[in-house]
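Asks: Given chain F's structure and the hints, the job is docking chain V onto it.
Protein chains: 2
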Amino acid sequence: MLKVIKIGGNVVDNREVLESFLDDLVKLEGPCVLVHGGGKVATEISKALGIETKMIDGRRVTDERTLDVVTMVYAGLVNKKIAASLQGRGMNAFGLCGADGGAITSGRRSAGAIDYGFVGDPILELTGVSTLSMLIERGYMPVIAPITHDGKGTLLNTNADTVARTVAVALSSVYEVELIYCFEMAGVMAHIDDPASLISHIDPAHYAELRADGTVSGGMIPKIDNAFDAVRNGVKSVVICGCDAICKENCGGTRITL
Amino acid sequence: MLKVIKIGGNVVDNREVLESFLDDLVKLEGPCVLVHGGGKVATEISKALGIETKMIDGRRVTDERTLDVVTMVYAGLVNKKIAASLQGRGMNAFGLCGADGGAITSGRRSAGAIDYGFVGDPILELTGVSTLSMLIERGYMPVIAPITHDGKGTLLNTNADTVARTVAVALSSVYEVELIYCFEMAGVMAHIDDPASLISHIDPAHYAELRADGTVSGGMIPKIDNAFDAVRNGVKSVVICGCDAICKENCGGTRITL
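In order, the protein sequences belong to chains F and V. Position in the first sequence (first residue = 1) + 75 = the numbering used here. Position in the second sequence (first residue = 1) + 75 = the numbering used here.
Some clues are possibly wrong.
To be verified - Part of the chain V face toward chain F, derived, beta carbon under 10 angstroms: (1) Gly125; (2) Thr128; (3) Val148; (4) Asn154; (5) Lys155; (6) Ser160; (7) Gly182; (8) Ser185; (9) Gly203; (10) Ser205; (11) Tyr215; (12) Asp225; (13) Gly228; (14) Phe303; (15) Val306.
Since the hints were derived computationally from the structure, they do not count as laboratory data. Ideal placement from N, C-alpha and C gives every residue a C-beta, glycine not left out.
Only chain F is shown next, with the shape it has when bound in the complex (with noise of 0.2 angstroms):
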């Protein structure tokens, strides 16, 4: 079984989470695809350089300049950093981004209500399976930052719980692929302040209840939203977790199935 494990910027802007991280990870038998997000140091970086950072429903509005923020934020430094870590922990890691190898192929996001900017989608079916899978075979770690390209020269912004679906779907042509989405909690909570309301499983039915009656909205929305796009289309098992669980017998989580 191909693990893709996403995690956030709640791993990647916690240097001892981050390291707990991926002492884990390179535990982990079996080949791995791991996806990461970018974190505040992007907001940082531009606020230094002056440049507002426009957020609208979670999402990064991509101006030319914030592009090139996020590109060396999440593409250089965050990438190169967690490849260098797992390189020191002798797992053979490899960062990348969409455009290396072609390995994700987005379209822009046209302007519609919003304006997202420099904003991508990757196309399932432009995802480069004989990179991202020459480099599974051959014994490197894919480290994947949520930085794509439409093809055309131009790099685009792309949301990393889409990046990891949209991965860990490719890859099911070729491996039985579980996605894991690492995250700050445990899982999908009832009541977010209640460790013990873990949802250990969420079908179509449940999903549907949990978000009529507002246990599930926001961010989560999306990120159930790919887990299910994720298990529709080929994904054997998709599962969203903390990020101290991938190590244990039974990770825990919530368990998304049809």
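Replies: Same frame as chain F, now just chain V:
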């Protein structure tokens, strides 16, 4: 013949020159590795972040914050823009830094009279020939940023001329290699202001004369030293030429031979 081509800040900093160079690059026949330098953007970003840029003999003193900046700019911004631009031209470029796939491992330069900080000198024996040749064999063009790692988890800022030389020498165990240093002038000039004074060929005896009479000085010395090191260690051909000359039947420039 595999070409290892190095471009510096004069190409990277000028969008028009870079685009024109990349137009030429994709016309070359046969496999190619591109190594790029950094350019002025790192200095600008450092300034905006309130980090003082300290250069000694043309080399950047790299404290921890400066390392973050050069990693961002070289391995993120510059590297990924070039990769995406080449992809847009139909060339399957694969951007990487020395940490990726263990491509280039360096030893941190020990603090002598001058402490350069997080600066590394590549270790030839630890170069990831298998990583680079895998990419080349599979039809990718490696695009290498001059950030390396020490194999223990730390990134290191590394001179791009030296990276190019190390890659050229290491790949000479597998390929016939030509190393091309692209440059802001047409080659090594006897009189810097006279385009007709191009020195077409330098051997060690001639080099000794040129150094003794001051024709070659400053930043040209490490570049030519790198060139001689390459020819002495198995690289078939080494040329220093203008960045507009790589496509010409005879790129002119200055050939370095024993």
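Asks: Determine for every hint whether it applies to the structure shown.
Replies: Cross-check of the supplied hints:
no.	hint	result
1	Gly125	8 angstroms, holds
2	Thr128	15 angstroms, violated
3	Val148	6 angstroms, holds
4	Asn154	7 angstroms, holds
5	Lys155	5 angstroms, holds
6	Ser160	5 angstroms, holds
7	Gly182	15 angstroms, violated
8	Ser185	19 angstroms, violated
9	Gly203	9 angstroms, holds
10	Ser205	8 angstroms, holds
11	Tyr215	6 angstroms, holds
12	Asp225	8 angstroms, holds
13	Gly228	3 angstroms, holds
14	Phe303	31 angstroms, violated
15	Val306	31 angstroms, violated
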